[in-house]
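Undergrad: Chain by chain, the residues run as shown.
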Amino acid sequence: MFQETVSILHSAQVAENVYTLEFVSERIAHATLPGQFLNLKPDDSFDPLLRRAYSVHRIREDRIEVIFNVVGKGSRILAAKEPGDPLDVMGPLGVPFHYEGEYGTAILVSGGVGIAPMPILGDRLLALGKSVVNIHGARTAGMIANDGRLTNPIFATDDGSLGFHGNVVGALDAWLHDHGASNVRLFACGPNRMLGALGEYCNARGLPLEVSLECQMACGIGICQGCPVEMATGNRKYTLVCTHGPNYDINDIVLDSIPSVH
Amino acid sequence: MPGCIVVRFLASFPIRQSQRHSSLVASTEITIRNVTFKNPVLTASGTFGYGLECESFVDVAELGAVVTKSISRKPRDGNPPQRICETTGGMLNSIGLANVGVDVFLSSKLPLLRERNATVVVNIAASSVEEYCYVLERCEEHEGIAGYEINVSCPNVKDGGLNFGTHCPSVAQITRELRGRTSKMLAMKLTPNVTSIAEFARACEGEGADAVSCVNTFVGMAVDIHTRRPKIATITGGYSGPAIKPMALAKVYEVRKAVNIPIIGIGGIMNAADAIEFLVVGATLVQVGTALFVDPAAGTAIARGIETYLSEHGMASVRELIGSLDTSMQPSLIAAGWG
Chain A
1 MFQETVSILH SAQVAENVYT LEFVSERIAH ATLPGQFLNL KPDDSFDPLL
51 RRAYSVHRIR EDRIEVIFNV VGKGSRILAA KEPGDPLDVM GPLGVPFHYE
101 GEYGTAILVS GGVGIAPMPI LGDRLLALGK SVVNIHGART AGMIANDGRL
151 TNPIFATDDG SLGFHGNVVG ALDAWLHDHG ASNVRLFACG PNRMLGALGE
201 YCNARGLPLE VSLECQMACG IGICQGCPVE MATGNRKYTL VCTHGPNYDI
251 NDIVLDSIPS VH
Chain P
1 MPGCIVVRFL ASFPIRQSQR HSSLVASTEI TIRNVTFKNP VLTASGTFGY
51 GLECESFVDV AELGAVVTKS ISRKPRDGNP PQRICETTGG MLNSIGLANV
101 GVDVFLSSKL PLLRERNATV VVNIAASSVE EYCYVLERCE EHEGIAGYEI
151 NVSCPNVKDG GLNFGTHCPS VAQITRELRG RTSKMLAMKL TPNVTSIAEF
201 ARACEGEGAD AVSCVNTFVG MAVDIHTRRP KIATITGGYS GPAIKPMALA
251 KVYEVRKAVN IPIIGIGGIM NAADAIEFLV VGATLVQVGT ALFVDPAAGT
301 AIARGIETYL SEHGMASVRE LIGSLDTSMQ PSLIAAGWG
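Sequences listed follow chains A and P, in order.
In this text, residue positions in the first sequence follow the working numbering: the first is 1, and each later residue adds one.
In this text, residue positions in the second sequence follow the working numbering: the first is 1, and each later residue adds one.
Don't read these hints as lab results, they were simulated from the structure.
Mixed in with the good hints there might be a few duds.
Unchecked claim - Below are the DMTMM-like pairs computed for lysine to aspartate or glutamate, each with C-alpha atoms no more than 20 Å apart in a straight line:
no.	chain 1	residue 1	chain 2	residue 2
1	P	Lys-231	A	Glu-26
2	P	Lys-38	P	Glu-115
3	P	Lys-257	P	Glu-199
4	A	Lys-237	P	Asp-103
5	A	Lys-81	A	Asp-47
6	P	Lys-257	P	Glu-207
7	A	Lys-73	P	Asp-59
8	A	Lys-237	P	Asp-77
9	P	Lys-184	P	Glu-199
10	P	Lys-74	P	Glu-137
11	P	Lys-231	A	Asp-256
12	P	Lys-231	A	Asp-47
All of these numbers come straight from a predicted model, not from anything done at the bench.
The whole structure should be built from the sequences, with the hints applied where relevant.
TA: Encoded structure:
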């Protein structure tokens, strides 16, 4: 992992309350694997004090992109960054998705800003020769960045304004009905309620599901011990999302033990 | 106290740069009892793990010392989520002394710290006097520990010390029992959540403590007004960060007037200027805590910043700075960057 001050290359609003930042870091770009995250310092003041943890969204050559909602002071400052602005970045952090293995099709399910780790994961999976489908849900069409950043996307909206009318579990069910459920593996990121519903659906059908958790962190590197999630398996009661996660088999953790940030 | 630097107020000690030898490299060494710290900047317990997690960012040998996460007799899982939240200029934590336990610390963490030439101060937490003694005695069996800091002040667990830390006879008893069991540096970490911290510092001094660490976190609270729920699971937690610095400085000032033993100043130190404030008020060493969550290399950067300050002000040693608070003149705002 590295800590460096980069220069903002590009910033944009890509959907309703959805923002992206792009910057260049050769070291971090080359070291990052899908599912890992960065810890960004919004500015050099003490308010906000702590870094903000964001999944790496996309990497193109040495360019790194993150995507986020504005939910408070830190993300508001980050969303206002302009090209040329400095940004203190730490990363890559966390354990990547466990995407190696024998399976044919990867189904990437995301809700809202849970879209974050899916483009980099999709790119990697395609390079590994997997088939990739993205199922991405939001409340409305306006909240979806429908600009080609997802591989083979199926959209689902609560109000039916784009794609499947319903949630991502319904859209997944429809897709599996048409394409079959053999030789698939699922990766998901989104609100805890979505992950919980998806977990029930997958467990009922014996489908492997790995989820990427979001939780508030102070340090992102295991020293503050502030981001535990309860374990459902093993000898330890808690695992730290920053250093042992954020990507877990849904059945290894107690999802309800952490508050949903979404 | 044999071998101990006795620091008294060096008040009314105006520094005139022109009179000093500014070309010399200032000494930042500090000795307390039989431990020589290469600089006065330590990591605060619970903010730097076991000193091994940040190797990508910092060489632990460059720190004055690594103060470990609180070590208890048995491993502790810690408190349930949510354990932290950010507040204006600070943060609340309720970690609950999650740690690997003394056996694992001694077998798998301490040897690695020794390999890295870290000066190691073991912070000990316990729920009984016997447990404090047990953990210290286990540590005494091992080489490579410079001294101890005793956490009698964790605000976040029912059995984690604060019930001791707010009861002066208990703090005195723990100090006495541990003093009888080690010839190494013994520092007692005090809570600010008492009416008179000076009384506790005097008790520690009276029972042979080599230093007092001032201060642990302030009890704090934050509420989510949308759900009307507390923002951390234990409802109240330990408040740290730059927001507490003025309160922590006032506690150090209070203790400085009460005891002769060294003070380890802690509370919201984010940069060298903050650390220097603590030294001027009378701390002999400082600990950097919450700042490490933002920048794991903050400790070494602050140590370098102090060295630069000493050179720029023509001081030969950091000891010239300690307790040099000048209260004889009008308060000074301009040089502090007012405006």
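Undergrad: Next, verify each hint and record whether it holds.
TA: Here is how each hint holds up against the structure:
1. A distance of roughly 38 Å separates the Cα atoms of P:Lys-231 and A:Glu-26; the hinted pair therefore is violated under the 20 Å criterion.
2. At most 20 Å may separate the alpha-carbon atoms for a hinted pair to count; P:Lys-38 and P:Glu-115 meet this at roughly 17 Å.
3. Between P:Lys-257 and P:Glu-199 the alpha-carbon distance is near 11 Å, which keeps this suggested pair within the 20 Å criterion.
4. For the given pair, A:Lys-237 sits about 19 Å from P:Asp-103 by alpha-carbon distance, which is consistent with the 20 Å threshold.
5. Among the hinted pairs, A:Lys-81 with A:Asp-47 is consistent with the structure: their alpha-carbon atoms are about 16 Å apart, no more than 20 Å.
6. For a cut-off of 20 Å, the pair hint linking P:Lys-257 to P:Glu-207 stands: about 18 Å separates their Cα positions.
7. For the hint pairing A:Lys-73 with P:Asp-59, the CA-to-CA distance comes to about 33 Å; that exceeds 20 Å, so the pair is violated.
8. Between A:Lys-237 and P:Asp-77 the alpha-carbon distance is near 6 Å, which keeps this suggested pair within the 20 Å criterion.
9. Restraint check for P:Lys-184 and P:Glu-199: not satisfied, since their Cα atoms lie roughly 24 Å apart, outside the 20 Å limit.
10. Under the criterion of a C-alpha separation no larger than 20 Å, the hint pairing P:Lys-74 with P:Glu-137 is consistent with the structure, at around 14 Å.
11. For a cut-off of 20 Å, the pair hint linking P:Lys-231 to A:Asp-256 stands: about 16 Å separates their Cα positions.
12. Using a Cα cut-off of 20 Å, the hinted pair P:Lys-231 and A:Asp-47 holds, with the two alpha carbons roughly 18 Å apart.
The structure shown violates the earlier hints numbered 1, 7 and 9.
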